[in-house]
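Participant: Residue-level listing of the chains:
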Amino acid sequence: MNALARRRLLSSLFVGFCAFTVLLALVPLAFILFFVITKGIGSISLGFFTHMPLPVGEPGGGMANAIVGSLMLTGLAAVMAVPIGVVAGVYMSEYAGSRFASLVRFAADTLNGVPSIVIGVFAYAVAVLPFKQFSALAGGFALGTMMIPIIARTTEELLLLVPGSVREGALALGATRARAVFSVVLPAALPGIVTGVVLALARVAGETAPLLFTAFNNRFFTTKLTQPISSLTVQVFTYAISPYEDWHHQAWAGALVLVTMVLGCSLLARLATRRLERMHGR
Amino acid sequence: MNKSRDWGFRLGTGAFALVLVLIVCAIGIVLVRDSWLSIEKFGFTFWRTEIWDPVSGEFGALPFIWGTLYSSILALAIATPVALGIAIFISELCPAMLRQPLVFLTELLAAVPSIVYGLWGIFVMVPAVRWLETSLPDPVRQLPFFSGPPLGLGMLSAALILAIMVIPFTSSVSREVLKAVPLAQREAAYALGATRFEAIRAALHYGRTGIVGAIMLGFGRALGETMAVTMVIGNNPKISLSLFAPQYTMAAVIANEFTEAADALYLGALIEIGLVLFVITLIVNSLSRLLIWSMAPRAGATFEPPAASAEAAA
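Protein sequence lines, in the order shown, are assigned to chains A and B.
So in our numbering, spot 224 of the first sequence is number 224, and the numbers just go up one at a time.
Count along the second sequence from 1, add 1000, and you get the number used in our numbering.
Some hints here could point you the wrong way.
What the hints assert, rightly or not - Pairs of lysine to any residue residues, derived as SDA-like cross-links and limited to a Cα-Cα distance of at most 25 Å, are as follows:
| # | chain 1 | residue 1 | chain 2 | residue 2 |
| --- | --- | --- | --- | --- |
| 1 | A | Lys132 | B | Leu1069 |
| 2 | A | Lys39 | B | Ala1110 |
| 3 | A | Lys132 | B | Lys1179 |
| 4 | B | Lys1179 | A | Leu271 |
| 5 | A | Lys132 | B | Val1055 |
| 6 | B | Lys1179 | A | Lys224 |
| 7 | A | Lys132 | B | Pro1054 |
| 8 | A | Lys132 | B | Trp1036 |
| 9 | B | Lys1179 | A | Leu10 |
| 10 | A | Lys132 | B | Glu1257 |
| 11 | B | Lys1179 | A | Asn112 |
| 12 | A | Lys39 | B | Pro1054 |
| 13 | A | Lys132 | B | Ala1110 |
| 14 | B | Lys1041 | A | Val126 |
| 15 | B | Lys1041 | A | Leu271 |
| 16 | A | Lys132 | B | Leu1105 |
| 17 | A | Lys224 | B | Thr1259 |
| 18 | B | Lys1179 | A | Val126 |
| 19 | A | Lys132 | B | Asp1263 |
| 20 | A | Lys132 | B | Ala1262 |
| 21 | B | Lys1238 | B | Leu1069 |
Unchecked claim - Stretch-level coverage of chain B by chain A, calculated; a stretch enters the list once three of its residues show a Cβ under 8 Å from a Cβ in chain A:
| # | region |
| --- | --- |
| 22 | 1081 to 1087 |
| 23 | 1110 to 1122 |
| 24 | 1145 to 1158 |
Unchecked claim - If you want a taste of the chain A side facing chain B, the calculated C-beta under 10 Å gives, among others:
| # | residue |
| --- | --- |
| 25 | Arg7 |
| 26 | Ala19 |
| 27 | Val22 |
| 28 | Leu46 |
| 29 | Gly89 |
| 30 | Arg105 |
| 31 | Ile119 |
| 32 | Gly120 |
| 33 | Phe134 |
| 34 | Ala202 |
| 35 | Ala205 |
| 36 | Ala240 |
Hints in this document: simulated from the structure, not taken from any laboratory.
We put the CB at the ideal spot given by N, CA and C, even for glycine.
Construct the complete structure from the given sequences, taking the supplied hints into account.
Facilitator: Written as structure tokens, this is what we have:
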């Protein structure tokens, strides 16, 4: 075989390898979705959403408390993270060149990379230990801490995409910088920011580790912010590591709800961004 | 007048931005404060001893460091070729029509919650791994890498699941890096008569700093991953080279034992493990950011949402 043929063969092998790696990554994805759907669907019924968990041995039962708990925890996280994240994002995009903006950007990326379990330990030290009480507030604080950097960076990126002429137009009409940003630039980027917030919510709603010792878990239905509260993720974890067959079924059903929610949000967000792009004629 | 109001705006929004910096500092300070008891008592022996005995109050974190590093390095060894292959296929080889769907599908891997990976790991992957382990021929089983009973639960399962979870991160950033490599690099290679592989190799060479950054970003993710690993690694604080052996990671021991830690020293020891995990991931992530930024300033900033939108708008 001459040199050229060998090089061509090597090249084809390489192309084949790259295509193969794509399949290799899609196989686990397909397997996960397949098992979550087929194993979870059997235990999903209306009762799963409206009933409380039952003791081992009694068939049926649901995760009403965990579902409400998850919604409350992500709601609390959003209340904390959206204002801080959006305004911090405004600062980073408005004063993009300043040294402090670079520091904030670095802090955001650092915070984004902190393992979720460490965030949990931090939230425990700040929001559980002083009050000697696991609580929904502490769980919301942990999730909110994770959300802030995601929202800040999303807002920054999207504000930078707003054409300079929009801002300049407002400034030329005599608007102050604050007015130009909050009445003109921010609204222009709003649909994208909302999409980003939804994605951030979906992501923290799937978190377990930061909740293990902040929101803890609760077998009962509660909406009290100062009490421990159940969540879908922690409930799935508890059921998954239990030795009971019934509970394993419930865990799969919980996972199906989680996956549907998270993937549904990603899909919606993707459709929304595509729509936005078309609207802006890109 | 306008000028002073602008200063008000700058200070007002700056205060919110400051919150991010404060949180990062607070994490470091709080973790040091709350682990001080353990730091003071054990000093560096904490990181050199293997005994983890809460009952007699002896804490050595070496098995957890070992488990974390071993599982993450194994995961990288599996994930890196796959992730790079995906990045190259999507950005260099595949038809334009397939590009968006493939990006979407690989990013879905990152959207699946860790707990779901764990659940799938326990009930689907671990039995498969156990089968694989028992079907290895005996001579192979004599090697130190494959010693011990084939439980399924253990290092191999943890490394595999971590690899799957890390792939989307590494491949997404590598794709951005490849996109930042000037087209002229490839055209020059083709003009010299290069094959496709050789042209891509030239592009990879040009982007090597960013690619290393992408791999390190994956490493940072693997180090801190908690739930899925906790559920499949077997949770046994014993150092072993064997892929079959149940082991333990830093994140997993915190997740499992934190609520059981009855006395202050035990809690302090666990928080110290958290502190070190924080410091290690901080260093790894900062390094990877620097490397990635030097190549593609926007890549990997906010992984999920805007990566998609900013990319499409660019």
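Participant: Now tell me if each hint is right for this structure.
Facilitator: To see whether the hints hold, each was checked on the structure:
| no. | hint | verdict |
| --- | --- | --- |
| 1 | A:Lys132 to B:Leu1069 | 34 Å, violated |
| 2 | A:Lys39 to B:Ala1110 | 21 Å, holds |
| 3 | A:Lys132 to B:Lys1179 | 51 Å, violated |
| 4 | B:Lys1179 to A:Leu271 | 23 Å, holds |
| 5 | A:Lys132 to B:Val1055 | 23 Å, holds |
| 6 | B:Lys1179 to A:Lys224 | 50 Å, violated |
| 7 | A:Lys132 to B:Pro1054 | 22 Å, holds |
| 8 | A:Lys132 to B:Trp1036 | 20 Å, holds |
| 9 | B:Lys1179 to A:Leu10 | 24 Å, holds |
| 10 | A:Lys132 to B:Glu1257 | 18 Å, holds |
| 11 | B:Lys1179 to A:Asn112 | 24 Å, holds |
| 12 | A:Lys39 to B:Pro1054 | 38 Å, violated |
| 13 | A:Lys132 to B:Ala1110 | 35 Å, violated |
| 14 | B:Lys1041 to A:Val126 | 23 Å, holds |
| 15 | B:Lys1041 to A:Leu271 | 56 Å, violated |
| 16 | A:Lys132 to B:Leu1105 | 44 Å, violated |
| 17 | A:Lys224 to B:Thr1259 | 21 Å, holds |
| 18 | B:Lys1179 to A:Val126 | 42 Å, violated |
| 19 | A:Lys132 to B:Asp1263 | 14 Å, holds |
| 20 | A:Lys132 to B:Ala1262 | 13 Å, holds |
| 21 | B:Lys1238 to B:Leu1069 | 14 Å, holds |
| 22 | 1081 to 1087 | holds (count 6) |
| 23 | 1110 to 1122 | holds (count 11) |
| 24 | 1145 to 1158 | violated (count 0) |
| 25 | Arg7 | 5 Å, holds |
| 26 | Ala19 | 6 Å, holds |
| 27 | Val22 | 5 Å, holds |
| 28 | Leu46 | 23 Å, violated |
| 29 | Gly89 | 8 Å, holds |
| 30 | Arg105 | 8 Å, holds |
| 31 | Ile119 | 8 Å, holds |
| 32 | Gly120 | 8 Å, holds |
| 33 | Phe134 | 9 Å, holds |
| 34 | Ala202 | 7 Å, holds |
| 35 | Ala205 | 8 Å, holds |
| 36 | Ala240 | 5 Å, holds |
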